[in-house]
Amino acid sequence: GSTPKVCPTCQGNGQVSRNAGGFAFAEPCPTCQSRGLFVDDPCNRCHGSGRGKSNRTVQARIPAGVKDGSKVRLKGKGGLGKRGGPGGDLFVKVSVKPHPLYTRKGENLSVEVPVTFVEAALGADIPIPIPRGGTVNMRIPAGTTTGRTFRIKGKGVRGKDGKNHDVLAVIDVAVPQNLNEDAKTALEAFAQATIDQDPRKEIYALGAKP
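Residues 271 to 480 (our numbering) make up the sequence shown, in order.
Hints are supplied without guarantee of correctness; some may be wrong.
As the list claims (entries may be wrong) - Now the in silico label distances, taken between C-beta atoms and shown as ranges: (1) R421 with A459: 34 to 44 Å; (2) D442 with K337: 22 to 32 Å; (3) V276 with G346: 21 to 31 Å; (4) R428 with K347: 23 to 33 Å; (5) S365 with D311: 38 to 48 Å; (6) P370 with K337: 15 to 25 Å; (7) K337 with F387: 35 to 45 Å; (8) G403 with P368: 15 to 25 Å.
Calculated from the structure, these hints are not laboratory results.
C-beta: ideal position from N, C-alpha, C; glycine also.
The whole structure should be built from the sequences, with the hints applied where relevant.
The following block contains the structure:
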């Protein structure tokens with residue numbers, strides 16, 4: 271294409287005056303589209319705008335603790351400015367890939383921890399996996415039920431505030447499957463020993479009230 275020259279219509283101002291009803295109005299120049307420059311023979315790539323489209327890869331630093339759907343701003347990595355102006359910014363939308371073990375609860379991480387019936391009933395020391403590798407031992411008291419949550423402080427991931435947040439261990443009492451004869455006999459003996467402990471006693475009482 272040819273070299274840009276000063277627009278002959280607006281003299282490089284990017285605006286033209288229009289009179290209407292005795293008043294003068296400024297409006298964008300129709301010849302140069304407010305650019306102030308005019309190209310007689312524009313190239314096929316930029317069509318006289320001086321800006322073309324291309325694809326390139328840039329490096330973006332993702333801060334610790336970023337949440338799914340957050341946007342990271344890369345200054346000056348967007349499109350070129352008009353008439354030689356500064357470039358715009360590029361906004362990168364972050365999509366956090368789900369983890370097979372942990373789920374996010376605010377700034378903390380939640381992990382479901384299966385325990386046996388015996389561990390839940392009698393209490394036990396349970397190894398809990400942590401995201402930075404390895405495990406930590408956590409004591410669950412006797413009588414722990416499904417859904418009870420224990421907080422392991424400072425063993426989660428680092429947040430934007432620079433602090434290591436917590437791991438929330440959610441207990442899931444596993445129901446025994448495919449019992450052998452010895453296990454069945456033991457459970458039947460347990461049922462007889464606790465026959466006076468009905469876990470549905472309270473709902474029966476509430477249902478009987480008028």
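How the hints compare with the structure:
{"no.": "1", "hint": "R421 with A459: 34 to 44 Å", "verdict": "holds (36 Å)"}
{"no.": "2", "hint": "D442 with K337: 22 to 32 Å", "verdict": "holds (26 Å)"}
{"no.": "3", "hint": "V276 with G346: 21 to 31 Å", "verdict": "holds (28 Å)"}
{"no.": "4", "hint": "R428 with K347: 23 to 33 Å", "verdict": "holds (26 Å)"}
{"no.": "5", "hint": "S365 with D311: 38 to 48 Å", "verdict": "holds (44 Å)"}
{"no.": "6", "hint": "P370 with K337: 15 to 25 Å", "verdict": "holds (19 Å)"}
{"no.": "7", "hint": "K337 with F387: 35 to 45 Å", "verdict": "holds (37 Å)"}
{"no.": "8", "hint": "G403 with P368: 15 to 25 Å", "verdict": "holds (19 Å)"}
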